[in-house]
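Student: Listed here are the chains, written in short residue letters.
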Amino acid sequence: MRLPSFELYITTRTVFALIIINKAGGLIYNRTFHDGGLNKISTNDYLVLAGTFHGVHAITARLNPLQPRTTTNRASLSSTTTGAGAGDLVRPEPPSGLEVLETENFRMQCFTTLTGIKFLLFADTTQANVDLTMRRVYDLYTDYVMKNPFYQLEMPVRCDMFDRRLGSYIREINNR
Amino acid sequence: MVVYSFYIFDRHTECIYSKSWLPPAHDPTGAPNSVTAARPSSSDDAKLIFGTVFSLRNMVRKLGGDDDAFVSYRTAQYKLHFYETASNLRLVMLTDTATLSMRNVLHQIYINLWVEYVVKNPLSPVEHKGGAGVRNELFELGLDQFIRGLM
Chain A
1 MRLPSFELYI TTRTVFALII INKAGGLIYN RTFHDGGLNK ISTNDYLVLA
51 GTFHGVHAIT ARLNPLQPRT TTNRASLSST TTGAGAGDLV RPEPPSGLEV
101 LETENFRMQC FTTLTGIKFL LFADTTQANV DLTMRRVYDL YTDYVMKNPF
151 YQLEMPVRCD MFDRRLGSYI REINNR
Chain B
1 MVVYSFYIFD RHTECIYSKS WLPPAHDPTG APNSVTAARP SSSDDAKLIF
51 GTVFSLRNMV RKLGGDDDAF VSYRTAQYKL HFYETASNLR LVMLTDTATL
101 SMRNVLHQIY INLWVEYVVK NPLSPVEHKG GAGVRNELFE LGLDQFIRGL
151 M
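Sequences listed follow chains A and B, in order.
Letter 67 of the first sequence, counting from 1, is numbered 67 in this note's numbering, and no numbers are missing.
Letter 114 of the second sequence, counting from 1, is numbered 114 in this note's numbering, and no numbers are missing.
Calculated directly from the structure, the hints in this document are not laboratory data.
The model shown is predicted, which means the values in this text are computed figures rather than measured ones.
Even glycine gets a Cβ: it sits at the ideal position worked out from N, Cα and C.
Any given hint could be a false lead.
Claimed, not checked - Pair ranges (Cβ atoms, derived):
(1) B:K129 to A:E104: 27 to 33 Å
(2) A:R13 to B:S87: 33 to 39 Å
(3) B:K129 to A:R13: 15 to 21 Å
(4) A:S42 to B:P23: 47 to 53 Å
(5) B:E14 to A:P156: 37 to 43 Å
(6) A:G51 to B:D44: 18 to 24 Å
To be verified - Covered stretches of chain A, going by a simulated chain B footprint (3 or more residues, C-beta under 8 Å):
(7) 93 to 101
(8) 153 to 159
Isolated chain B (complex conformation) (with noise of 0.2 Å):
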């Protein structure tokens, strides 16, 4: 199982954390870096993921009914998985298409890690823009950790 990367998207549709376990784009050419630079930047990236889950969570509510939650999707390349909390929450995660479902796991990171170590800091702000309060120490070790831990 590889971990590539992983999402939170807030309430007001922003990211606000994201994190690429990727190795650093390798070449097997040694063609010069300007061309891997062509492709888009990982805010791009996030903006494409978030408008992908929210369409298809919308699309998912309508054919499912109000109660049925949008769980994955996966191409021939890779496999996305989506859990949204009560509070509008949106956590996602990108694995390879071999991967089970994480629905469990982006639960566990909800309740160990965020609710610890986010929402239970007291110098954390109640509204996270562009990503305050999510960045702090014990969080990044523990999902890294975490997720280390699962590949």
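The shape of chain A in the complex, shown without the other chains (with noise of 0.2 Å):
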């Protein structure tokens, strides 16, 4: 009985769904490109999904197990403060929580920019270049987002250039 559905769910590679998160973990947008990909779930348990989420991100960036983080920090700094300037400080890469998120049925990546809003891109496990869409994802966020002088830092994303853009954007990714 789902051997079709299954068929098609290996043959498309698809992208189910994009969830934007803010730096304190509110969802501030939320858009499914596919039906079937993922289980159907209401506003509010996105919401509730958006906050869990930015919590875990959280600790999967402390949970790091070489654990350069306080020794080295400090090392480096009385080291490197006598004798070149500030600007030569050398920082240890600064630890980076969740990227990618694997389970049966999906796979989720995660990008995190410098300012601390999450892009979460739900896709089939097969799909490539997940890399690459995210990357165009945010350029579109950049240009018609962060250029609309409407838009309030840190509210939901309501701008339909941007709704009609990543629609056509992922369609074409969708369809190929």
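Mind assembling these two chains? They're in different frames, but the hints should get you there.
Tutor: This is how it looks when you write it as structure tokens:
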């Protein structure tokens, strides 16, 4: 009974959904591109999910088993301030939180901007080049949301142009 | 491939086994050890890992349906692999980022080590409160050999 849909699932590589979370963990954008990839959940559940993910993301950044966090920070600070200027300060890469989550049915890519906004892209496990798609989605965001004079930072994204451009871009990928 | 650490959580959400293959914290600058002590203990780590894994598992189930299973996640520094058995025993492994899926490895650990040396051990209790019954010689030795064989 489930076989036909399963076949379709394998042959079509699809992007299922996009979620944007602001730096406080609030959901500011949520859109589904393909029915059947993910379960339908209510907007309220999406809000809970965004908040939960925000917290988990912070924890995953702290769980780094290689632990350069307190010691090297302090050590490099004391050794470099004596010699070179503060501009040459060698800082270790800041720990990054969760970047890719894999499950049996889908793969989630998380991109955190320098300002702390998270883009979550849900795609099929076989979908290739999600990095590139994410990059393009971010471009669209900067072009049509950040440059929209009526958009208020940290508030839900309601920009017609962004919706349309994003829709056509993802449709192009899903129909490829 | 490098394995950093391995954890087992029972159905009561308690961490009943943890092992780390990391070299002892080394300090390139030779700073006193009191600075390194600032890092949370391994039991705190285990709690954080359980919380993360539990939240992500629930999130995945909500989005992907009840038959979906959380497999792994990756950050820029490490990768976490997760395997849950039908009896809600949860096995978690932290490795470097280049490692491919370790789901079958965790499954092997469950079948060949957990079932053989812990479940089939007549002296082992049913509930492993505080890790009782898990820390036996055969299991520890088998696990260490198995992981070192992978690396």
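Student: Give a verdict on every hint.
Tutor: Taking the hints in turn, this is what the structure says about them:
no. : hint                         : in the structure
1   : B:K129 to A:E104: 27 to 33 Å : holds (32 Å)
2   : A:R13 to B:S87: 33 to 39 Å   : holds (35 Å)
3   : B:K129 to A:R13: 15 to 21 Å  : violated (47 Å)
4   : A:S42 to B:P23: 47 to 53 Å   : holds (48 Å)
5   : B:E14 to A:P156: 37 to 43 Å  : holds (41 Å)
6   : A:G51 to B:D44: 18 to 24 Å   : holds (23 Å)
7   : 93 to 101                    : holds (count 8)
8   : 153 to 159                   : violated (count 0)
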